[in-house]
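So the sequence lines, in the order shown, correspond to chains X and C. FYI, in this note's numbering the residues of the first sequence are 1 to 502. FYI, in this note's numbering the residues of the second sequence are 1001 to 1176.
What the hints contain is simulated information worked out from the structure, not anything from laboratory work. Possibly wrong hints are sitting among the right ones.
[Unchecked claim] Below, computed lysine to aspartate or glutamate pairings styled on DMTMM-like, alpha-carbon distance capped at 25 Å:
(1) C:Lys1140 <-> X:Glu192
(2) C:Lys1009 <-> X:Glu67
(3) X:Lys237 <-> C:Glu1044
(4) C:Lys1067 <-> X:Glu472
(5) C:Lys1010 <-> X:Glu456
(6) X:Lys102 <-> X:Glu322
(7) X:Lys237 <-> C:Asp1167
(8) X:Lys446 <-> C:Asp1167
(9) C:Lys1020 <-> X:Glu322
(10) C:Lys1055 <-> X:Glu456
(11) X:Lys446 <-> C:Glu1017
(12) C:Lys1028 <-> X:Glu458
(13) C:Lys1055 <-> X:Glu458
Source: prediction; values computed, not measured.
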Amino acid sequence: MKKITRILIANRGEIAVRIMRTARKMGIETVAVRTAVEPDAMYLSHADFIHEEDDELAEIPVFLDVEKLIAIALKTKCNAVHPGYGFLAENAYFAERCRDNKITFIGPSPDAIYKMGNKPVARQIAMKHKIPMAMGSTGSVANEDEAVRHAARIGYPVIIKAASGGGGRGMRIVRMESEMEKMFILASREAEKAFNDPSVFIEKYIENPKHIEFQILGDTHGNIIHLGERECSIQRKHQKLLEEAPSPALDEELRAQMGETAVRIARAVGYYSAGTVEFLLDSDRNFYFMEMNTRIQVEHPVTEMITGIDLIEQQIRIASGEELTLRQKDVKLAGWAIECRINAEDVQAGFAPAPGKIEKLSLPEGPGVRIDTGVRAGSSIVASYDSMIAKLIVTGRDRHEAIINMKQALDKIWIKGTKTTLPFFRMLMRHQAFQAGTFTTSFIEKDLDRYHFSSEYEETIAAWIATKLFTEENLSSGKPGISFDQGRELTPWLLRKRLTQF
Amino acid sequence: MTPEKPAIKKLYALSNEGRKFAFSLPLKNVVRVNGRDYSVELREDEKYGVHVLWKNRRYPVEIVRTKQNRYEILFNDISHTFTVETPVSMQRKKALGTAREKSTTLIVRAPMPGRIIDVLVREGAEVVRGEALVILEAMKMQNEIQSVVSGTVVRIGVRSGQNVMKDDILAEIKVR
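Bound conformation, chain X alone (with noise of 0.2 Å):
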C-alpha cells in the first residue's frame, strides 16, 4: 500500500468536518463534492479543494453513485476515498471499485464488508465460530409456513429482519403464530422497497435488552483489538439517541469477555480498519452477537473522548499498510462519555422529522464539551439528508459529572428555526432510569409518559406571550413592540405551517 496523499471525501454533514479535521492534523489534502442540495454547505469550507457537481437532475445524490465517485477521484487526483458513514460506507461493490482503479478505500476489503453486511452470511460465520447469538434461521427464510417452523423451534416472539438490512430498518415482531403471515408478507415487502432485496430471516426476540457495542480496530497484518464499549440502548425506531462509553452495565469481567468475543468475530472475516460488533445483552447477562458495522459510526465520539484515541487517523494509518502501534493492554478507559444527538425533530410529534433552515445557532464551548456538526447559522436542514444538527460529546471523571455537565451544555445550546431533540435530552438528564443507568432499549416506547422536559413556568410564559401578541395585534393603536415576521426571512418550517391555512 502507499502513502495516502489527498483523499476523496464521498460524504457530507458533520462527518466529513470530521474527517477533514484529522486529514488537515496528519498533513493529507483533501476534496470534497458540491451538491445541488447545499451548495453552501459547512463541510465545503473544510475542504483543500471543491469538486462542483452538478447533480440537479441525477436521479440518486452523488454520494450513493458509484462510478461517478470513482470518476470524480481519478479526476481530482485523489489517491484515497473515504466514504464516512451511511450512503456507500458498507458497499462492498464501491471498496471493489476504488480497488480496481487503484484508490485506497479508506475502510475495510469488499470481502469483509460482503460478509458482515448479509446478514444470514454474518449469522453462518458467527455461528461457525462459536459466537454467541440468539437462536434463529441459518439462512434466509423462504416463506411464511418455513417461517412458522423456524418460529415453533425457536419460541415467540421471533423477530423477522431483512438480510440487507441496517440501520433498524426492515424489522418486524412477531408474538403469536397467528401474526405471522402478515408480519411475513409486510417484512418482506418493506425489505425489497427499501433495500431491493426480499429475503429475510428470523431471530428470537429479545425481550427488553440492551443494545452494547464494542469498537474494533484492525491492521493488516493480522494485529486485532477492540477499545472498549459504548451503551446505545437510548433508541426510538431503532435509532441510536444517546450513546455513552463506558456503559453502566458492564464490569471488567463481562467487558473483558464481550470484548474477546467482539475480536473474535472480526478475526474471522480477517477484518482491518475501524469496525463496531454490536450485541445485545438480556436482563441475566446474556450477551448475543446481532451484527458487525463495518464503517466508522456517528457515535465513535465517546470511544475517542475515553480513550485518547483519534478513530479517523487509525483508519488512515492501517489504509496505508501501518501496523496498530497500541496493544490491547495499553487500552486504559479514561472517565465518562456521553453523545447526545441534536437533531431537527419534533420531540412532541414523536421524534417527526422537522426539516428547516437554522436561522440562529450558538453552541456551547469549553474544557469537556466537544460538538462535531455540520451546519452553522444559516445552513438548512433538507429533507432529502438526515435530520442531525449537531453531535453534543460531553466528558467528566464519572457517570455522574458527565450527567451534570451535559445538562448545564444543554441549556447553553441556542438553535432557532427548528424543532430539536434538546427537550428530550433536558428530560432525560433528569430521569431516574436514565440517572441509574437500568434503562433498556425499550425505554423511550415503554418508560416514558412524555418525551420532554418543561418547567412548570414554561407554559404559564408561553400563555403570557400569546396573550402579549394578542393585546399588540389587536388591541394597541401603535405598532406592535416586537416584530416576529418583518427583517427576518421566514423559517420554510413556518412557512408551510402558514401556507396549511389558506
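We have chain X already, so just place chain C on it with the hints.
Leaving out everything else, chain C in the frame of chain X:
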C-alpha cells in the same frame, strides 16, 4: 377594535389541553406563578433573535400564528398552543361549545414530506385506534402512520412509491 368600545379588562389564554391563564389589562411584564410575581421581558437582538428574559436567563421564542386568535408559541424548544379570548368571546365560545357537534370523519395527513413505502389498508377496511395505515419513509426513518381513531377507511389518498409533501392527505376515516 375601535376605541369607542368599552375597554377590555381581562384576557384569557386557553391551552389546547384546556388550561386557562388569565391576564389583566393593560398587560404588565409580570407573570404570576404559584402566587408569586416574576418579571418577564420579550426582547430581540441580532445574536439570539426573539427571546424571553426570565430570571436572568434567555429562552428562545418563536411564534407561529395558525389562526386569528390562535397562537403556537415555541418556548424553550417546546411548542404550546393557545387561543386568546376576551371575556365576551369567552362567553360566546362556551355557548357554541355546548351546541357544536363532533366531526365524524378524520383526515389523516402526512406529518412530514417523504415517500410512501407501503399502504397497509384498503378503502372500506375497518381499522382500530393505533392500527398502522401507511408507512412513510422520511429522513432515513420508516414511520408508521397510525389511525388515532377506530372506524372505516373511506378514502386512501396515496399509493405505494409515491412522494408526498407535508400535510398531504393520506387517508380519511369515518369515526365509528
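Structure-based check of all given hints:
1. C:Lys1140 <-> X:Glu192: Roughly 16 Å between the alpha carbons, so the hint for Lys1140 of chain C and Glu192 of chain X holds.
2. C:Lys1009 <-> X:Glu67: Answer violated: Lys1009 of chain C to Glu67 of chain X is near 71 Å, above 25 Å.
3. X:Lys237 <-> C:Glu1044: Status violated; Cα separation ~38 Å.
4. C:Lys1067 <-> X:Glu472: Judged against 25 Å, a Cα distance of about 16 Å means the pair holds.
5. C:Lys1010 <-> X:Glu456: 23 Å, holds
6. X:Lys102 <-> X:Glu322: 18 Å, holds
7. X:Lys237 <-> C:Asp1167: Since the Cα atoms of Lys237 of chain X and Asp1167 of chain C sit roughly 22 Å apart, the hinted pair holds (cutoff 25 Å).
8. X:Lys446 <-> C:Asp1167: 28 Å, violated
9. C:Lys1020 <-> X:Glu322: It is violated: about 68 Å lies between the C-alpha atoms, which goes past 25 Å.
10. C:Lys1055 <-> X:Glu456: Measuring from Cα to Cα gives roughly 14 Å; hence the hint holds.
11. X:Lys446 <-> C:Glu1017: Roughly 23 Å separates the two Cα atoms, so the pair holds.
12. C:Lys1028 <-> X:Glu458: 17 Å, holds
13. C:Lys1055 <-> X:Glu458: Answer holds: Lys1055 of chain C to Glu458 of chain X is near 12 Å, not above 25 Å.
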